[in-house]
Amino acid sequence: MAIVTLLTDSGESDHYVAAIKARIISINPGVRVEDISHKIKPNDIGHAAFVLRAVFRDFPKGTVHLVGVDSVGNKGDLPIALQLEDHFFVGSDNGLFGLISEKTHQNLIALNSINTISTTFPERDIFAPAAVKLASGVSLSDLGKPLSVFKKMIDRQVKATKKQITGSVVRVDSFGNLITNIPKEAFDILSKSKVYTIQFGGEKFRRIHTEYNQVDHGECFILFNSMATLEIGIYKGNASELLGLTYDSVVNIIFEE
Amino acid sequence: MAIVTLLTDSGESDHYVAAIKARIISINPGVRVEDISHKIKPNDIGHAAFVLRAVFRDFPKGTVHLVGVDSVGNKGDLPIALQLEDHFFVGSDNGLFGLISEKTHQNLIALNSINTISTTFPERDIFAPAAVKLASGVSLSDLGKPLSVFKKMIDRQVKATKKQITGSVVRVDSFGNLITNIPKEAFDILSKSKVYTIQFGGEKFRRIHTEYNQVDHGECFILFNSMATLEIGIYKGNASELLGLTYDSVVNIIFEE
Amino acid sequence: MAIVTLLTDSGESDHYVAAIKARIISINPGVRVEDISHKIKPNDIGHAAFVLRAVFRDFPKGTVHLVGVDSVGNKGDLPIALQLEDHFFVGSDNGLFGLISEKTHQNLIALNSINTISTTFPERDIFAPAAVKLASGVSLSDLGKPLSVFKKMIDRQVKATKKQITGSVVRVDSFGNLITNIPKEAFDILSKSKVYTIQFGGEKFRRIHTEYNQVDHGECFILFNSMATLEIGIYKGNASELLGLTYDSVVNIIFEE
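Chains as they are written, first to last, in the working numbering: chain A, 59 to 315; chain V, 59 to 315; chain L, 59 to 315.
Watch out, some of these pointers could steer you wrong.
Examples of chain L residues lying across from chain V (beta carbon under 10 Å, computed) [stated by the list, open to error]:
| id | residue |
| --- | --- |
| 1 | 101 |
| 2 | 109 |
| 3 | 115 |
| 4 | 212 |
| 5 | 213 |
| 6 | 215 |
To be clear, the hints were calculated from the coordinates, so they are not data collected in a lab.
All residues carry an ideal CB built from backbone N, CA and C; glycine is no exception.
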């Protein structure tokens with residue numbers, strides 16, 4: 059039996075998360091449920107996509123990821139279920155799922171398209187039952203009418219040339235670390251035989267570290283993190299506060315021969 | 059084996075929740091434990107009762123709900139266990155359980171009445187062992203001496219006449235949505251063949267929606283939510299902040315022939 | 059199969075906690091995982107040690123406690139695993155484990171000492187696999203090279219004489235209660251046949267209570283809590299705010315013949 063993970067912006071001061079879990083338990087108590095997070099900023103698709111993209115592949119193939127962020131979506135957003143990179147995803151077609159992978163989906167259906175119900179709580183009444191079915195081995199194609207495409211938003215792109223990589227901060231984590239979208243892969247290729255300068259805010263650095271503790275307390279570290287993207291922080295400090303950088307701040311790596 | 063749910067105001071920065079879970083696991087590791095919330099505002103019986111009332115029936119019958127909010131209670135408040143609507147509840151007789159249902163309880167006993175212990179941590183030392191016993195199938199009557207009544211507070215009442223329904227905001231959720239105590243049932247009966255105006259703060263509305271996304275971003279929606287009570291919000295915004303309404307704010311529905 | 063508990067300062071707005079759980083599930087889905095807390099103040103070893111010390115013994119012997127607080131540690135801090143009071147602990151040798159018990163450890167090894175890997179996410183890549191092995195019954199000695207000692211910080215000491223006990227506040231919990239390091243055992247011995255005065259801030263008290271509700275709303279209570287240490291609070295109020303006391307505030311008990 060597969061696991062169902064939950065990712066929502068519900069917070070934990072209300073009954074919403076418990077209602078989703080109770081629905082899953084009531085349908086099939088054998089399904090294991092694991093929280094990813096319920097602290098996504100309200101309606102923040104970008105935040106949710108960042109977290110989901112960072113962690114879904116760590117779960118076993120076949121895991122079902124129920125996403126309840128901006129679930130109501132905009133008028134016309136359908137509830138959908140898809141198979142992507144051998145994982146299942148259930149949620150609203152509001153653009154979030156288009157931000158978590160570059161790969162083509164393996165299967166895609168519209169939920170609530172057979173025996174349509176009306177509800178103000180789709181996570182509990184549409185997504186949870188579908189997630190339980192998928193976790194129990196029901197074929198995705200049996201859950202609704204096939205769709206050909208789902209919404210793909212344009213994510214902020216990294217620009218890379220032989221002279222420069224331009225990226226930006228895509229997440230400020232709870233420690234104040236600034237996580238960028240600059241991939242190690244691009245850096246490794248473009249930096250060969252070159253001197254590089256990393257530039258952000260008013261700062262310039264010429265060294266990339268390999269571990270968080272290679273600088274002294276209060277000093278800036280720059281490294282490629284466990285997601286293989288460039289990350290900037292202050293050792294035992296809050297980089298976002300101290301450097302005045304935030305979501306969308308620009309980060310450049312400039313190469314010289 | 060039944061599930062034990064946990065609802066407390068302990069927060070998650072201390073060891074209190076883990077201590078309750080550890081006690082349950084130590085007595086019977088086969089008992090499944092699910093959190094409802096540990097973010098209830100300290101000692102806030104109203105908040106806790108709202109959340110519990112909203113979700114307990116979604117769990118399977120026989121679920122044991124351990125409530126640790128204002129557990130110490132006032133002098134004279136006993137630890138109790140009761141069966142109500144085919145669910146079990148364990149906690150302090152501080153009035154909370156009187157706010158979650160209109161139905162008559164099926165069974166009621168005083169905990170810690172046989173082999174009385176003294177403790178400053180009743181959730182771990184009295185409620186958890188009792189909850190495990192109930193989840194394991196021990197009869198409620200075996201857990202303590204029978205009681206005939208438990209505390210019933212007077213909850214704020216909705217007033218309904220042919221001309222007007224007067225209710226109030228009973229919960230502001232994490233999105234800033236204003237959840238009232240006005241039941242859909244009363245509205246459906248009283249609004250037949252009538253024009254209605256919904257009035258709150260300085261606002262007046264003449265439409266009730268059926269889904270959250272039937273208004274534009276930043277506009278007000280009013281609908282009957284998944285608990286079948288009237289709810290007011292701002293689509294993609296925080297109604298409590300934007301409308302200046304809060305817990306106890308009055309909401310009227312006025313009928314004209 | 060033993061349980062693995064998690065204690066981190068990761069917060070719950072990112073993917074870090076889910077990544078640790080996903081790694082555990084991927085290696086052995088039969089291992090039960092329970093959160094102690096993910097709300098430890100960033101890098102706050104004192105806070106983490108307080109919570110862990112307060113609750114680990116409530117879990118069954120053989121439980122594996124994975125601690126991810128200041129995991130990167132300072133240069134030279136090794137990832138370690140130890141057996142202490144019949145429980146297992148996995149984390150960084152940054153001094154935290156030296157604060158949770160007075161007893162001598164039973165076994166101690168350096169993790170990542172055989173088949174060393176390099177990672178910026180040791181909780182997921184080093185601690186989690188080790189924790190799963192321990193929970194699955196693998197011998198601690200098989201996980202790495204033996205160590206003889208781990209870091210022991212000097213914790214703030216209680217001073218006790220026949221005339222006075224001097225302690226301090228070691229934790230302000232989410233209710234604002236002030237938990238001190240003054241042990242009931244010392245008080246019981248030194249207070250025999252003596253009149254005592256408890257003094258903190260500008261306050262003096264001559265009574266110790268046995269339950270939280272022995273004073274009226276808004277009044278101060280002083281009792282020995284479930285950890286058998288002196289605790290000060292305001293009944294239905296926040297003592298830290300109202301009395302102006304905080305972490306490290308001094309609390310004295312003065313004895314007179």
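Here is what the structure says about each hint:
{"no.": "1", "hint": "101", "verdict": "violated, 15 Å"}
{"no.": "2", "hint": "109", "verdict": "holds, 5 Å"}
{"no.": "3", "hint": "115", "verdict": "holds, 9 Å"}
{"no.": "4", "hint": "212", "verdict": "violated, 23 Å"}
{"no.": "5", "hint": "213", "verdict": "violated, 17 Å"}
{"no.": "6", "hint": "215", "verdict": "violated, 22 Å"}
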